[in-house]
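What follows is the residue order along each chain.
2 protein chains.
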Amino acid sequence: MPNISNKGASMPESPIRKLVPYAENAIKEGKTIYHLNIGQPDIKTPEVALNAVKNQSLEILAYSRSEGSEAYRTKIAQYYQKNDIQVNHDDIIVTTGGSEALLFAFGSIMDADDEVIIPEPFYANYNGFSTASGINIVPVISKIEDNFALPPIEEFEKLITSKTKAILICNPGNPTGYLYSKEEITKLANLVKKHDLFLLADEVYREFAYDGHQHYSVMQAEGIEDHAIMIDSVSKRYSMCGARVGCLVSKNKTVIQTALKFAQARLSPPTFAQIASEAALETPQSYFDDVIEEYVERRNTLIQELEKIEGVKVAKPNGAFYCVVELPIKNADHFAQWLLEHFDIDGETVMVAPAAGFYSTPNVGLNQIRIAYVLKKESLIKAVSIIKKALTVYKD
Amino acid sequence: MPNISNKGASMPESPIRKLVPYAENAIKEGKTIYHLNIGQPDIKTPEVALNAVKNQSLEILAYSRSEGSEAYRTKIAQYYQKNDIQVNHDDIIVTTGGSEALLFAFGSIMDADDEVIIPEPFYANYNGFSTASGINIVPVISKIEDNFALPPIEEFEKLITSKTKAILICNPGNPTGYLYSKEEITKLANLVKKHDLFLLADEVYREFAYDGHQHYSVMQAEGIEDHAIMIDSVSKRYSMCGARVGCLVSKNKTVIQTALKFAQARLSPPTFAQIASEAALETPQSYFDDVIEEYVERRNTLIQELEKIEGVKVAKPNGAFYCVVELPIKNADHFAQWLLEHFDIDGETVMVAPAAGFYSTPNVGLNQIRIAYVLKKESLIKAVSIIKKALTVYKD
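Line by line, the protein sequences give chains A and B.
Just so you know, our numbering puts 112 at position 108 of the first sequence, and the rest follows in order with no gaps.
Just so you know, our numbering puts 70 at position 66 of the second sequence, and the rest follows in order with no gaps.
Think of the hints as simulated: they come from the structure by calculation, not from any bench.
If you're wondering where the values come from, they're calculated on a predicted model, not measured in any experiment.
Accuracy of the hints is not assured; some may be wrong.
Unchecked claim - Pairs of lysine-lysine residues, derived as BS3-like cross-links and limited to a Cα-Cα distance of at most 27 Å, are as follows:
# : chain 1 : residue 1 : chain 2 : residue 2
1 : B       : Lys79     : A       : Lys58
2 : A       : Lys58     : B       : Lys58
3 : B       : Lys58     : A       : Lys48
4 : B       : Lys32     : A       : Lys257
5 : A       : Lys22     : B       : Lys257
Said to hold, decoys possible - Over 12 Å on every C-beta distance to chain B, these chain A residues come out as not near it, computed from the model:
#  : residue
6  : Leu65
7  : Asp94
8  : Glu149
9  : Pro156
10 : Lys191
11 : Gln218
12 : Leu285
13 : Lys393
14 : Thr396
Glycine included, each C-beta is placed from N, C-alpha and C at the ideal position.
Next comes chain A alone, as it looks inside the complex:
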């Protein structure tokens, strides 16, 4: 039998997927699971987006342009302009989800064995994309005690080598929920300018900024027009994860021309989903106001309930819909599996994402979990009460 590649063998498994068989067994046993583990919101997709697809009258479901339909790119550019991000349609390449935008960015700016510095904990699939691209992630640890704020800029600087091509941030962060300030972005901007690096920012949670904070994009930072590359997606903004539409945005023409060649090779992003995404831009502000209000209430409820548990430490997020929680246990991987296999209250249990998978440094975050607050308040209260009770029974 022919061998698979070393690359394929070293592709990481998602830290959540490992638990899926245990969850499936729990469901077979008749248990109900509160899913705190996933980033699939329960928020309804705007009707205007769904209706656009229902009402289309295509006779041939044809390719769009490789860079995305002109109409859609023009409208996203307007959306960015309204959000104080000065870009035009030709600074934008529409991609199949934020995932593909990241792959195009990695391919466009990094060769085999090049390095990208990323504050950890970070979105676990960055590991998969870097393995697939043959590049290496160099992590900088951010700390739960600081709410996962940007680590001191010197920590980044001392990791820069001749292999370093970029710094990647997720803002607001998955899994941390941390929203970087203008000052933090400015520090990064100065650093990438000084060392002639790219600054990649995954800003797919831009709309989810709470407590009066304003999101500040790398595309707004002055003097780094040739360095900044923004990754975006409709998945979370409009609760359209299944659309698979994102984009790569940069004022650097060479980056756009290069990414376009990757885009041309795969022909086009999905057509139905572009129709939905274009229509989604008509979503009224009231939709977002309601969604933000809902998430803020969920976050407040979640944190309030978690803080009632002895020995639990919570990073207070002011963006996205995740938070990282430190538990009074040794190994969250084991705890998460145990919750599914051996624990329930009246047939109900909880699925969480062990946070170690969001760190690149080994043996960090072992006692942490990520909670996605994508469930209704009552469910969150119930879920946390199950964790609370479980912690009194669980033995490491």
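Add chain B to chain A, keeping to what the hints say.
Only chain B this time, still in chain A's reference frame:
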């Protein structure tokens, strides 16, 4: 300004895209263009597929499973079984177009600098996927005199090195239209077994087999269950190029598990398009009968008209909807550009794909073009008459 990667710089441009600015200029000048250059059929998408998307009542456009929805995979497996390909749903990973299936396959079985042997001329985007994956294509020339039949198996064998991991074929072929016989597939099967290689087959044109020929899949070849990987797509079968749904199929469990990790990193294939693709499987046989009849007539018309031109050599295709044509000129790149810039009959001209871009060996196929017969017969007759006249005027 930070530099882009060597990989990005060496990503090839599509051989067709180079001509797009000239085509756009021609249109601005008021010319009408017969597009013989693209693989976007004018055939209508089956209504059953479009209606499924119109009639869906999703409230949340959610992720599907990374490997594709269970329902869809189950139904495609049934479709394959009906076509004498014995696979189950768990031998299938649904991908974002055949393109992504190829990228997953390359990533799963090849490391940087590994080699895949491909008969040329081949689908030009294989170049882009191999550059993106950091691997190398080793071409074997097939000849227009043989209708682009499989080159002698010894030609493959003498190219095999320790770096060789796979042989890739496109069957029926784009750009050649050649349909491999059972005997040819068997020869390849024996070779990959002997040298413990993978046999990748891009079979997205399976339905398009003419003149009573039956398509014979690598998945039907005996004894190479662990070697064979099939790439498929709904794009051409149902004229649904914009769906972006394909799949990777293999009986080799390790390959499937490895490809699944690539699939998990990008979360899921597009949901709307999976709904359309699942429904498309209900397309009545009469749809295909009509489509095949239409393509056969188009092919016959095209070849008949081309053969009237002195000095023109045509490979007679018995599959897909392309053919490669040798013209009595030196440089088809230049001719194709000249047609758009400097030639028209009553304001009408033709856009063709120069075939050199489908060869990996330099300076081969310079006098060849690829014609996609995706236009109505009358348009094909008109387009060929324009080429005929142009050849009497054109000077290399």
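Verification of the hints:
1. Lys79/B to Lys58/A: holds, 24 Å
2. Lys58/A to Lys58/B: The hint holds at about 4 Å.
3. Lys58/B to Lys48/A: holds, 18 Å
4. Lys32/B to Lys257/A: With a Cα-Cα distance of about 25 Å, the restraint between Lys32/B and Lys257/A holds, given a limit of 27 Å.
5. Lys22/A to Lys257/B: holds, 18 Å
6. Leu65: violated, 4 Å
7. Asp94: holds, 14 Å
8. Glu149: Non-interface label stands for Glu149/A: nearest chain B Cβ at 30 Å, farther than 12 Å.
9. Pro156: At roughly 23 Å from the nearest Cβ of chain B, Pro156/A sits farther out than 12 Å, so the non-interface label holds.
10. Lys191: About 18 Å separates Lys191/A from the closest Cβ of chain B, which puts it past 12 Å; holds.
11. Gln218: holds, 28 Å
12. Leu285: Since the minimum Cβ distance to chain B is about 15 Å, Leu285/A lies beyond 12 Å and the statement holds.
13. Lys393: holds, 30 Å
14. Thr396: holds, 34 Å
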